[in-house]
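**Q** When you get a sec, could you build the whole thing from the sequences and use the hints?
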Amino acid sequence: MNPTLYLLLSLLLFGLGAAGVVLRRNTLFMLLNLELMMNAVGLALVAASLAGLLEGQLIVLMVLAVAAAEVAIGIGILVSMVRLKDSPLVDLWNREEP
Amino acid sequence: MNLSLLTPEYVVLGTAVVLLFLAFLTPRRAVIFNTFTVLGVILAMFLEMVSLGNTGSLGMLQVTPLARIFDLMFMAATLLVVLMAMDYFEAREVGGEFYFFLLMALLAMMVLAKSVHLVVAFLALELLSFSLFVLVALLQEENAVRAALKFFFVGAYSSSFFLMGMALLLISSGSLYLNQFLFGHHLALTVVGIALLLVGFGFKLVYVPFHLWTPDVFRGAPTPVVAFIATAPKAAGFALLLQVLARALVPYAAQWMPIVVWLAGLTMLAGNLAALRETNVKRILAFSTIAHAGYLLLAFGVNTTGAYQALTLYLLAYIFMTVGAFAGLAYLGERTRLDNLRGLARRDPWLALFLSLFFVALAGIPPTAGFAAKFYLFAEVIRAGHPALALYAFLNGVVSAYYYLRVPATLYMYEASEETVVPVSGRRYSLLGTVMWIAVVLVFYLGIYPTTFLEVVRQVF
Amino acid sequence: MLWAASLALFAPLLGAILNGVFGHPFREKAHWPAVIAVGISMLASWWILGRVGFEPVVLDLYTWIPVANFVVPFGFYIDSLTAVMMGVVTTVSFLVHVYSIGYMHGDPGYRRYFAYLNLFVFSMLLLVLANNYALLFVGWEAVGLCSYLLIGFWYEKKSASDAGKKAFIVNRIGDAGFLLGIFTLFATFGSVRYDTVFQMVASNPHLYQGALVAATLFLFLGAVGKSAQFPLYVWLPDAMEGPTPVSALIHAATMVTAGVYMVARSHLLYSEVPQVGQLVASVGAFTALFAATMAMVNDDIKRVLAYSTISQLGYMFVAVGLGAYTAGIFHLYTHAFFKGLLFLAAGSVMHATHGELNMQKMGGFFRKMPHTAWTFLIGALALSGLPPLAGFFSKDEIIKHAYVTGHTFIWAVAVLTALLTAFYMFRLIFLVFFGKPRDAEIYAHLHESPPVMTVPLWILAAASVGAGWVGIGEEHSVFHRFLETALGEFHLVEWTVHRPAGVGLIALSVGVALLGILLAYSLYLLRKPDPALLARRAGFLYTLLKRKYYVDEIYNLFVVGTLRVTAKVLFWGVDRALVDGTVNGTGWTLAATGSVFRRWSSGFLRSYLLWILIGANFLVWFLLRSGGGH
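Residue numbers (this note's numbering), protein chains in the order written: chain S, 1 to 98; chain L, 99 to 559; chain W, 560 to 1189.
Take the hints with a grain of salt, since some may be wrong.
Keeping only pairs whose Cα atoms sit at most 25 Å apart, straight-line, the calculated DMTMM-like set for lysine to aspartate or glutamate is [said to hold, decoys possible]:
#1 S/K85 with L/E240
#2 W/K588 with L/D446
#3 S/K85 with L/E239
#4 W/K920 with W/D859
#5 W/K724 with W/D638
#6 S/K85 with L/D446
#7 W/K717 with W/E700
#8 W/K1105 with W/D858
#9 W/K1127 with W/D666
#10 W/K927 with W/D998
#11 W/K995 with W/E1007
#12 W/K724 with W/E700
Here are a few chain S residues that face chain W, going by a calculated C-beta distance under 10 Å [said to hold, decoys possible]:
#13 A18
#14 V21
#15 V22
#16 L23
#17 R24
#18 R25
#19 M30
#20 P88
#21 V90
#22 D91
#23 W93
#24 N94
Short, incomplete list of chain L residues facing chain W, as computed with Cβ under 8 Å [to be verified]:
#25 V252
#26 V289
#27 V290
#28 A368
#29 L374
#30 I546
#31 Y547
Don't read these hints as lab results, they were simulated from the structure.
Every value quoted in this text rests on a predicted model; they were computed, and no experiment measured them.
Glycine included, C-beta positions come from ideal geometry on N, C-alpha and C.
**A** Structural data, given as structure tokens:
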């Protein structure tokens, strides 16, 4: 099997996720796009094992764990945010006092 | 495997775990948590110093004297921040979890400085970032949550890029060990990997254009947390960058050196110029952090051993100057606009003097540590054959003097107005004072005798 | 030794910081930290005086400037010369500090005053203790700064702030020379350290002849400025606008003698170039006579003393110029006591008359302020050079040295100056303390000063009497043997002439002093002949003296006038158009760009994320373009 195609797919997914984070206004969807990016990397790592680098399969597990922790913290921040502004929209939080 | 190499890490981890249990048992006894943390960190520092020469490899971790010196830097910064937090949070509801996350961040940095495998480094980096996110959000106030939100998204986004870069490097070179050269079989893939790694570092080390979050987070987060974010993680980031760029990716130096020079130049310019018109002292310090990151990157731009030695001295000096300045600001609570400082010298001469000293040091005026640090770094840049670059950095320093010295000028040259903060009397602020004393002594010590520390660094590089 | 020197040096600095920065709690008690700091410094200096050995102690605290091969250590050079200077400086400083408690009482700038005074002591000790010329220059500039601050202490008075400015500007001319001297030394010897420079000169004196002439001349130009010699003396009389204790300390006892100290410190250089020494002595002799003539007709009690100081500094330069370094330092040492005393006593008079300085309005003060009058009299006798007071021994030694080495002309000038010295001092005494009161109102309000002022006066009076005794026996005396370790043999320069000196010479100098006193007595007490009539007879000569030889006017016309025109041209042409334009332009551009960079961090989170994406793409593109791809 040629890993190049998998790699290209993973880069495509990564790019979609990266664009999605910037484009979505709802923090929940931004989080989902972050997950997409992480998992795209996971795909690349698994693809690496096709080329004989079994290390990649181990790293994927760690990446998944990290992604889960990240979501946990992200959700925590989102909750306290919604509690204060009653909305998940990110642009409500832009204003910055001097 | 000599597991005793990691004794300081065990102590930090143990303290953190015990602290978590304590926090369940006695939820609101800040004094206990604080004292316990201080003792734990001091014990870890002591063990670190004792085992300075005790080095060796543990597979994905490698304990070197340099890593131990970085550890001591992190622990010194943490200790000062812990002392600061006691006074700052006195009136607020902060429990043991604050200290727990602080210690987790410390642990992450200590692992980071020793990791010779990118995956371990990534895990440590994430542990550090997550702890910092929580620390920023801990107060649950609107400003803090705003800061945490931005911090989180920017951090998580850029670490995704870092992770992707890591995967590409794995595919191209087949290994992620940093203590050997990462020779890529596929140059384009390697180079893209390096570029994406640099994005992740950009968030941690605040260089252009990944620096934008800094003023917002500095403005919104509690002052001790900002003091922490501004110092120790920067040192940790540079420690890792040393491993990655100056060791594993040396074969590609021709590729990454030009871009690093550009990043350094742009970063110091962006930081210094943005600070010129800034009116909030915390945000001024944010831009100052960015500018200093630019100077520090210069060391990678010239990529010589001497420059890396000067970088280490610079980091140490920077930590004490910045923590000291934030300790001074911690007295003022959330009122940190320049207007709030007008004529403060008449109301609280000690505070004004200390704050002025730290800002003078940040401006790089002799005989402070800021001067010694800049002097040695720029001298190394010249020695590496880039006098124009050194001149450019020096001119940046001249520009920066304007906004740094605006703070002492505001403190001393204006009459107090109704905007001026009234220093809190009656409450004991002994720990904040202690932090400032320690910082001021070290700032002057490093400024007058920089060679003592430099000698140590020269031995371990 | 290191600790004592550091203590002596840094205690006053600490005092200055305490008063200057954290002075609010002290206010009315500002003298305590100041006096205690100087007291500690004095004790440490005495300790050093007792311990100093045969070899100079050279201590490097740390390297202050290490730029390429220009290495300037921050360190001390302690030998007997240093010890004597430290002893004199700290002792007189201590007494002046104590005296100031009474003199400056109730002044709104009380705290500021003591902070400056302490800072001055620190700077002066830095100057004395330095182990290289660059550090000496730092102290040199710092004492100048303190002097400037203290002359203009009452800055709301225009004359005071003008005088401060004048002192500062005139001194800059000398300092430029001094700096050139240091550069010359560095260019020649590759170092500015005393030990290195001295060693290299001693090892091969003829090699450096040309450079030494240049360096010593430049250094002397600095000394001319600092020690108020002709033609740069003009700032010192005006400096009397400052508080009187300041005049006593800075403008009589310590700072103005820095030039003499510097020449003595560099005696190894000056001994190699006797022709420069001749010039130094000639300038000194001329200044001594020149200033004494002006002192004869001045009616301002402090200015008379100021001219007298210039004149006595001239004597010191005669001594060091002719190679009698020990004699010069000896005169510096005795002069510090009796001139300090005279100024403080004059201050006591001013204190009683509420700042009146005109001697023509005084008279008969003896009865109302006996302590002041007695001590002043002792100081005047010492200055006039009557045995067995301090001034006699030191001044006589200089006069004798000039005679012995065959400089007859300089000797004659020195003797004539001695006559004039006695005359103007006793003119002052008779006008102020004797005769009938000429202003009833001032006389009516007269009172003796409080003990905090009179006690330092008496201590200094005792020193003015006894300080010279350590110099009895000339080259075999205690003082000479002590300083021999630092300044070498008495006659370093082998003069071709060596005339024997007899008792007649001593008799002559005592005789002229008595003659001077007698003249003053007949003129100003007996009024026979009437001085006013004499002044009219003398006509042009009197006016010339009275207007101080029109030197200030000449300087104003030529130097200041020319400078002003040049400055105007520079200001409008270069500064306004070019520099300001550039600076303002640059500043504006920077600030405007700054705003852009500042707004970049707009607070808009999604723009931050977008910038990360852009940055990532840019990095990938840049790295691929610059070397990837293949």
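**Q** All hints are to be evaluated individually against the structure, with a verdict given for each.
**A** Comparing the hints with the structure gives:
no. : hint                : result
1   : S/K85 with L/E240   : 9 Å, holds
2   : W/K588 with L/D446  : 20 Å, holds
3   : S/K85 with L/E239   : 12 Å, holds
4   : W/K920 with W/D859  : 10 Å, holds
5   : W/K724 with W/D638  : 35 Å, violated
6   : S/K85 with L/D446   : 39 Å, violated
7   : W/K717 with W/E700  : 24 Å, holds
8   : W/K1105 with W/D858 : 9 Å, holds
9   : W/K1127 with W/D666 : 39 Å, violated
10  : W/K927 with W/D998  : 14 Å, holds
11  : W/K995 with W/E1007 : 18 Å, holds
12  : W/K724 with W/E700  : 14 Å, holds
13  : A18                 : 6 Å, holds
14  : V21                 : 6 Å, holds
15  : V22                 : 5 Å, holds
16  : L23                 : 8 Å, holds
17  : R24                 : 9 Å, holds
18  : R25                 : 8 Å, holds
19  : M30                 : 8 Å, holds
20  : P88                 : 13 Å, violated
21  : V90                 : 6 Å, holds
22  : D91                 : 7 Å, holds
23  : W93                 : 7 Å, holds
24  : N94                 : 5 Å, holds
25  : V252                : 6 Å, holds
26  : V289                : 3 Å, holds
27  : V290                : 5 Å, holds
28  : A368                : 5 Å, holds
29  : L374                : 4 Å, holds
30  : I546                : 7 Å, holds
31  : Y547                : 6 Å, holds
The structure shown violates the earlier hints numbered 5, 6, 9, 20.
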